[in-house]
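S.K.: Sequence:
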Amino acid sequence: MKKYIPITLVSFLALIVWLPLWMLISGSLMPIDEIKAYFGPVLLGSSGIAKWPLIPDYPTLRPYVELLLDSPEFFAMFWNSIKIVVPVLIGQVCFGMPAAWAFARFKFPCKKFLFTLYIALMLMPFQVTMVPNYLVLDQMNLLNTREGIILPLVFSTFPVFIMYRFFSSIPETMIEAIKIDGAGHFRAFLHIGLPLGTPGIISALVLGFLEYWNMIEQPLTFIQDKSLWPLSLYLPQIAVDQLSVSIVASVMMLIPALLVFLWGQNDLEAGIRVAGLKE
Numbered sequence: 001m002k003k004y005i006p007i008t009l010v011s012f013l014a015l016i017v018w019l020p021l022w023m024l025i026s027g028s029l030m031p032i033d034e035i036k037a038y039f040g041p042v043l044l045g046s047s048g049i050a051k052w053p054l055i056p057d058y059p060t061l062r063p064y065v066e067l068l069l070d071s072p073e074f075f076a077m078f079w080n081s082i083k084i085v086v087p088v089l090i091g092q093v094c095f096g097m098p099a100a101w102a103f104a105r106f107k108f109p110c111k112k113f114l115f116t117l118y119i120a121l122m123l124m125p126f127q128v129t130m131v132p133n134y135l136v137l138d139q140m141n142l143l144n145t146r147e148g149i150i151l152p153l154v155f156s157t158f159p160v161f162i163m164y165r166f167f168s169s170i171p172e173t174m175i176e177a178i179k180i181d182g183a184g185h186f187r188a189f190l191h192i193g194l195p196l197g198t199p200g201i202i203s204a205l206v207l208g209f210l211e212y213w214n215m216i217e218q219p220l221t222f223i224q225d226k227s228l229w230p231l232s233l234y235l236p237q238i239a240v241d242q243l244s245v246s247i248v249a250s251v252m253m254l255i256p257a258l259l260v261f262l263w264g265q266n267d268l269e270a271g272i273r274v275a276g277l278k279e
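Residue numbers (my numbering): 1 to 279.
Some hints here could point you the wrong way.
What the hints assert, rightly or not - Okay, the calculated beta carbon distance ranges per label pair:
| hint | residue 1 | residue 2 | range |
| --- | --- | --- | --- |
| 1 | Ile90 | Trp18 | 28 to 34 Å |
| 2 | Ile180 | Leu135 | 48 to 54 Å |
| 3 | Pro72 | Thr8 | 45 to 51 Å |
| 4 | Ile16 | Gln139 | 45 to 51 Å |
| 5 | Thr8 | Lys112 | 44 to 50 Å |
| 6 | Trp79 | Thr8 | 44 to 50 Å |
| 7 | Lys2 | Ile82 | 45 to 51 Å |
| 8 | Trp52 | Met174 | 50 to 56 Å |
| 9 | Lys112 | Trp18 | 42 to 48 Å |
| 10 | Ser227 | Ile180 | 54 to 60 Å |
Keep in mind the hints are simulated off the structure, nothing from the lab. All C-beta atoms, glycine included, are put in the ideal place defined by N, C-alpha and C.
Please model the entire structure based on the sequences and the hints provided.
M.R.: In structure tokens:
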């Protein structure tokens, strides 16, 4: 009994966690009339109690057809998201990885102060830095452009902090061993830092993708041209009469995030083991 009680409890909690996802999938198969019938008290102010069935009464793929075949703006916003998120992640790796390696393996003046400053910047929410970012982007003529979203995020401190934790967990003896063989700092980073720090890099990429794929405030603040809006701004502009399409759009928006998470899941787990490595 002691063995089955934790399994039962964990299984029950897992079902609770998966329940909203199942409701989202089942809702994407409902026709708009059925959605209004079930959610009329909430959406239309009618009398009664709103409810959500686990299985639609009349399943249909019409909402998927409306979104994928009759909504070209959805694909335009989808590619806008790709054009923003991918350069951001590439830039974070190119700039954040050397910074994290330097903080983890080098000794230089004011190192602790600079790293503390990095942490302080990481803790600041977007609302605090919104006005300074807006003024800087305005002076650089980058407002209402994708670059105005990409540039501030490329130099984000969060991936530096994530990769720093993994680089600093590499035993010093391994670095000293490769230096004895005549390797310099670059080769040590290339042959030791990158292989052992890969879980940290993948972790930063996965967490970054999940955050920037769903961001709303940055594009809403810095981009006025709706043709440049990312997919995260597609859902707020859908009316009640298109609620079934909105649910399908939520499912389609969830798929890339789920695939990226599944791709990086093993590296996230390996990263936990690397972070616990001892000399």
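S.K.: Would you mind marking each hint as holding or not holding in the structure?
M.R.: Status of the hints after comparison with the structure:
1. Ile90 - Trp18: 28 to 34 Å: holds, 33 Å
2. Ile180 - Leu135: 48 to 54 Å: holds, 51 Å
3. Pro72 - Thr8: 45 to 51 Å: The hint (45 to 51 Å, Cβ to Cβ) holds, given that Pro72 and Thr8 are roughly 49 Å apart.
4. Ile16 - Gln139: 45 to 51 Å: holds, 50 Å
5. Thr8 - Lys112: 44 to 50 Å: Once the Cβ atoms are compared, 48 Å apart, the range 44 to 50 Å for Lys112 and Thr8 holds.
6. Trp79 - Thr8: 44 to 50 Å: holds, 46 Å
7. Lys2 - Ile82: 45 to 51 Å: Holds - the Cβ-Cβ distance for Lys2 and Ile82, about 50 Å, lies within 45 to 51 Å.
8. Trp52 - Met174: 50 to 56 Å: holds, 54 Å
9. Lys112 - Trp18: 42 to 48 Å: holds, 44 Å
10. Ser227 - Ile180: 54 to 60 Å: Distance hint for Ser227, Ile180 holds at roughly 58 Å.
Consistency with the previously given hints is maintained throughout, with no hint failing.
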